Amino acid sequence: MDHDLAYRSLTDLGRLLDRREVSPVDIVQAVLGRIERYGGRLASYITVCGEAALSEARAAEQEIARAGRRRGRLHGLPIAHKDVSLTRGVRTTAHSRCLLEYVPDRDATHVRRLREGGMILIGKTNTTEFACGTLDLFGVHRNPWDLGRYAGGSSGGSAAALAAGLAVAATGSDTGGSIRVPASFCGVVGLKPTYGRVSRNGLVPLSWSMDHVGPMTRTVADCALLLNAMAGHDPVDPTSARTPVPDFTDGLDAGTRGVVLGVPRQHFYEGLDPEVDAALRAALRELESLGARLEPVDLPLAPYVTAPGGILIMAEAFGLHAARLRERAADYGTRTRRRIVSGGCYTSGEYEAAARFRVAWTRELASVLERVDAVVTPTLPHPAFPVETQLGEPPDTSWGTRHFNMSGHPALTVPCGFTAAGLPVGMQLAGRYFDEASLFRIAHAYEQATSWHTRRPPLEAAA
Amino acid sequence: MRPAGQNAADEVRAALARQGITVGEDDLAVVVKIVEANRAGLERALAAVSGEPEVPQGFVPPAPPGDAAPQAG
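Line by line, the protein sequences are chains A and B. Every number in the numbering used here is 6 more than the matching position in the first sequence, counting from 1. No gaps in the numbering here: position 17 of the second sequence is 5 in the numbering used here, and each next residue is one more.
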């Protein structure tokens, strides 16, 4: 069994499939082999679809042989979905006792679109309960770069699986940073698209105005490829945009010459871990050397986003969970219950005030993005912290990410370095509405000029 | 605004009770901490906004100019 196959990019694997050098069964077996070997220690999966995935892979193999070609660029490739995405016939728990036996009879729209593109469901990845709280039932998803450290929340199972070669592509959801934070902690690529770009139909919701669904991969090109299939108007999601979807892989190689990147003066570069600071400064220099122009920008409201964002998320979450909390409060994990219950304590006036702040922040950011192509920030001010910290009093990991859930702008994290202890550091790029293409183009240019994405965690040594 | 004589814990307990939610003492202490921190943060946030904050008109990002798909390159 070729374990290296599980570390190939979607793009590479597609080429190998097209040339019949490997089959979908080979790829699925390689990924399943690594899940069997490392999955237990990493706790990156809640459900593994072993036999079903192999059966789908055999069907894909036969279909490709009959047709003489693949259905599309994702056909025959495996995908892992965060366990908050509804999957027809496959248990969807959201890591909660409340949904422990829930087997949906339909797919979430993004799951259906990827399935129609020919992707094979390999499993459902671990998440904090309802994407916001406890990790009691299926364990803490651990960071492949240091098993004593947290993979990040809430799409940490997807991020850890990618970093460890237990998935070749994954999806996540992001309400305050839940794609970008674990992607940064685990050294992979994650995109929170523009609000409305990807349907949320079939996502176990947390906050209607802040939830996003997005792709998680090991390379920027793969992220673009996955978004191609996930994006687009969905009539059953009233927040879904009618904006046309370009081929996000077009123009990836256009480079960054002439691109203007905003570097915020406030908040994002304050109080950084020295190694994160050094990695970001080096990344900015690299972007400059690639032809981008750096421009300091003012975002004076940036330090104030956390509290209004927290009020909006938890007030909306309480609205969704109130009925269940009345009946089954004890079935919620302690941290989840406390956080969601807090949302029931705000007045409508406070919710409205938070929404007004949101307008002010969004206008401030949008105004800056009229002058620059993207804003560059650290994804987090520190690298991954110990599992014990997560189980005790973890820091606010949405420190630099919630801003773009509040405004709805697209934001992507890409690896930009490692600490001396071998922990990944992520760089965040946030761009104009529906301009994910520019983020991919800038991140791809940076990625191709560096080698961070080629590093592998030392799992074999830890085995 | 909190009625005179009511402390934060009483207020939180009462707000939740009105909605049919009962909380234990351990949960209550943490919930009060979260709510008080966010309220203080919201006050600071509103004070940082220059002028009267605008009323939200819903939350749907605008389509790009001409509703055209943005292109890379």
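These are calculated hints, taken from the structure and not from any lab test. Watch out, some of these pointers could steer you wrong.
[Unchecked claim] Just a few of them, taken from the derived set where beta-carbon distance is under 8 Å, the chain B residues facing chain A:
1) V0
2) V18
3) V19
4) I22
5) V23
6) R27
7) R32
8) L34
9) V37
10) V43
11) P44
[What the hints assert, rightly or not] These stretches of chain A come out as covered by chain B in the derived footprint (C-beta under 8 Å, 3 or more residues):
12) 108 to 122
13) 332 to 343
14) 357 to 363
Since we're looking at a predicted model, the values are computed, not measured. Idealized CB from N, CA, C, for every residue including glycine.
Verification of the hints:
With a least beta-carbon distance of about 5 Å to chain A, the hint placing B:V0 at the interface is held under the 8 Å criterion. Checking B:V18 against chain A: minimum C-beta separation of about 5 Å stays under 8 Å; hint holds. Contact between B:V19 and chain A, as hinted, is supported at the beta carbon level, the nearest pair being about 5 Å apart and thus within 8 Å. The beta carbon of B:I22 is positioned within 8 Å of a beta carbon in chain A (closest approach about 4 Å), and the interface hint is therefore held.
Evaluation of the B:V23 hint against chain A yields a held restraint, the C-beta minimum of about 5 Å falling below 8 Å. Interface hint at B:R27: satisfied, since its Cβ lies 7 Å from the closest Cβ of chain A, which is below the 8 Å cut-off. Annotation: interface hint on B:R32 holds; nearest CB of chain A at approximately 6 Å, less than 8 Å. With 8 Å as the threshold, the beta carbon of B:L34 comes within range of chain A, its nearest partner Cβ sitting at about 6 Å, so the hint holds.
A hinted interface residue such as B:V37 counts as satisfied when its beta carbon comes closer than 8 Å to some beta carbon of chain A; here the least separation is about 4 Å, so the hint holds. The closest approach between the C-beta of B:V43 and any C-beta of chain A is roughly 7 Å, which is under the 8 Å cut-off, so the hint is satisfied. With a cut of 8 Å, the hint placing B:P44 at the interface with chain A holds, because the nearest CB-to-CB distance is about 4 Å. Counting residues of the region 108 to 122 of chain A whose beta-carbon sits less than 8 Å from any beta-carbon of chain B gives 0, not enough to reach three: the coverage restraint is violated.
Residues of the region 332 to 343 of chain A lying with their CB closer than 8 Å to a CB of chain B number 4, which satisfies the three-residue condition for coverage. For a cut-off of 8 Å, the count of residues in the region 357 to 363 of chain A with a CB near a CB of chain B stands at 6, and the three-residue condition holds.
Figure legend: structure checked against the earlier numbered hints; the only hint not met is number 12.
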